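**Q** Chains as they are written, first to last, in the numbering used here: chain P, 593 to 889; chain G, 593 to 889.
Just so you know, these hints were derived from the structure itself, not from any lab. One or more hints might be untrue.
What the hints assert, rightly or not - Selected chain G positions facing chain P (in silico; Cβ < 10 angstroms):
#1 LEU640
#2 GLY643
#3 VAL661
#4 GLY663
Claimed, not checked - Stretches of chain P that chain G covers, calculated by requiring three or more beta carbons in the stretch to come under 8 angstroms of a beta carbon on chain G:
#5 625–637
#6 716–722
Treat the numbers as computed from the prediction; the structure is a model and nothing was measured. Just so it is clear, CB atoms sit at the ideal spot from N, CA and C, and this is done for glycine as well.
One letter stands for each residue in the lines below.
Number of protein chains: 2
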Amino acid sequence: MSVQTASFADWLAAARPEVEVALAAALQRRSAAAAPPALREAMQRALLAGGKRLRPALSLLACEASGGVRGRALAGALAAEMIHAYSLVHDDLPCMDDDQLRRGLPTLHVIYGEALAVLAGDALQALAFETLAAQEDARLAREQAALLSAAAGAAGMVGGQVLDLQAEGARCRAGDVEAIHARKTAALLCAALQMGAAAAGVDPKPWEAFGGALGRLFQATDDLLDATASREQLGKNPRRDQALEKATLVAALGLDGTRRRAAELAEEAHKALLELPLRRHRQVLRDVPAFLLQRAP
Amino acid sequence: MSVQTASFADWLAAARPEVEVALAAALQRRSAAAAPPALREAMQRALLAGGKRLRPALSLLACEASGGVRGRALAGALAAEMIHAYSLVHDDLPCMDDDQLRRGLPTLHVIYGEALAVLAGDALQALAFETLAAQEDARLAREQAALLSAAAGAAGMVGGQVLDLQAEGARCRAGDVEAIHARKTAALLCAALQMGAAAAGVDPKPWEAFGGALGRLFQATDDLLDATASREQLGKNPRRDQALEKATLVAALGLDGTRRRAAELAEEAHKALLELPLRRHRQVLRDVPAFLLQRAP
């Protein structure tokens with residue numbers, strides 16, 4: 593990868609194969625390698641069948657931008673993606689969002705049944721923490737595990753999913769919706785950045801504002817996509833938010849209002865970026881909000 | 593607790609309140625404290641409404657027996673119990689064993705619905721690793737996270753649960769059943785002991801044989817209890833194994849054959865104990881197999 597590139601799309605395209613090779617390798621190692629074949633197959637499908645690899649790419653970017661060596665950020669990058677993958681499997685379950693299609697393919701419980709889908713998700717969460725614990729640097733392993741567990745757990749992603757389910761059918765104001773987005777989506781995305789900064793040996797705390805804005809921006813564009821894109825574009829069934837009466841920004845603000853809000857969140861991310869002590873890649877990081885905005889024009 | 597006591601029942605009775613106070617405190621801390629109220633309530637119920645606290649008591653015992661200070665083993669002890677609690681919640685789900693009753697109370701999904709039960713389990717797993725990562729000693733945190741994640745994941749507990757579900761309705765030989773038990777039950781029980789040994793600063797590896805025998809013994813008595821005890825004695829609905837055509841030792845060997853096998857496993861545990869470099873509590877540890885055997889006379 594050229595150091596000169598200023599496009600986050602290029603960064604993502606370059607990071608993706610590297611991340612996917614490492615994810616596949618992680619599934620060959622100790623725990624996953626000794627899994628019953630059906631379980632390993634379900635885990636592989638959840639982890640390797642598509643995905644933008646946004647979180648790992650951001651993790652590697654935050655590490656290099658903070659002056660760190662890319663290789664030190666890899667375990668954290670993979671762990672973030674494992675948590676993301678497990679959360680999609682559980683979110684798609686019949687008792688949750690009951691989705692049949694994901695990334696253009698049947699969801700895990702459609703293929704393997706609900707029990708194996710629950711268990712594959714459980715095993716992916718354990719694998720995320722196993723991946724962090726396998727690092728040589730014990731201090732880094734502990735710091736990243738603290739960041740990831742807090743972001744993935746009751747105060748973060750899982751808590752956000754609970755609020756998201758509770759808000760179904762309720763009229764929500766934009767502020768309430770974004771409070772859900774902050775947990776459901778932004779917490780893990782932020783932890784991915786922060787694990788990368790930690791891998792560079794710098795304080796991850798200053799990355800919170802940028803990660804929080806970026807995460808809410810990502811979810812705003814996700815709400816727009818669900819409301820406007822086709823099944824082919826999405827790789828999953830569209831208009832599910834409306835069907836489930838989800839509390840989305842589109843429901844709260846309308847399409848144009850959500851687009852304006854997304855632009856504001858991009859601005860918030862740019863401002864947060866100015867506060868970060870970056871050593872490299874400022875232009876690539878500046879391009880991330882624009883990259884997310886153009887997902888849902 | 594007196595150092596002189598040789599009864600594991602006494603050890604367990606003394607450890608239980610200490611563990612329960614610490615579990616309740618863990619739910620007041622960072623992540624769990626910031627959980628949406630319904631999620632926190634579900635997590636509390638899963639973690640605090642009963643339970644023998646066998647795994648944490650063994651963790652503390654292995655630490656002291658290895659010459660360590662009890663307090664250093666507490667985080668690992670709590671983390672083992674959190675993983676155990678989450679596994680019960682997910683095992684009870686309609687798509688798994690579909691149990692309505694646990695410890696004399698309705699199961700979590702009966703009270704809160706399936707979605708919140710899945711999510712409370714997910715959050716408890718994250719809390720286990722957060723609890724480990726909150727320790728001051730980074731090397732210990734990493735070592736315990738490696739032990740716990742391997743035991744809880746695809747090669748251990750979750751893998752065993754997959755095999756257990758796959759074996760439903762199949763005729764299994766005792767060896768196959770015990771291979772399931774080794775993953776489903778023994779892996780986590782063994783990790784609890786090993787995390788305790790690690791907290792004492794000794795090599796946890798030698799505890800594997802004792803933990804493995806103990807875990808299979810525990811599950812053998814569990815199979816016996818399901819086949820012989822009343823609903824009141826069990827706190828859950830009995831004869832579920834038979835109804836679900838589970839691969840149990842009782843199905844493979846009959847009641848008397850399972851009792852004989854349990855006695856053999858107790859003997860295996862005793863022999864494994866002789867190989868351990870213990871500093872204290874040899875008599876208490878020697879009493880654990882007898883304690884487990886008398887669960888199902």
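**Q** Determine for every hint whether it applies to the structure shown.
**A** Here is what the structure says about each hint:
For G:LEU640, the interface hint is violated, the least distance from its beta-carbon to any beta-carbon of chain P being 15 angstroms, above 10 angstroms. A least Cβ separation of about 19 angstroms between G:GLY643 and chain P goes past the 10 angstroms threshold, and the interface hint is therefore violated. At about 20 angstroms, the closest approach between the beta carbon of G:VAL661 and any beta carbon in chain P exceeds 10 angstroms, and the interface hint on this residue is violated. Evaluation of the G:GLY663 hint against chain P yields a violated restraint, the C-beta minimum of about 18 angstroms exceeding 10 angstroms.
Only when three residues or more bring their CB closer than 8 angstroms to a CB of chain G does the claim for the segment 625–637 of chain P stand; here the count is 8, and the claim holds. Counting residues of the segment 716–722 of chain P whose beta carbon lies closer than 8 angstroms to any beta carbon of chain G gives 5, which meets the minimum of three for the stated coverage.
In this structure, the hints that do not hold are numbers 1, 2, 3, 4, in rising order.
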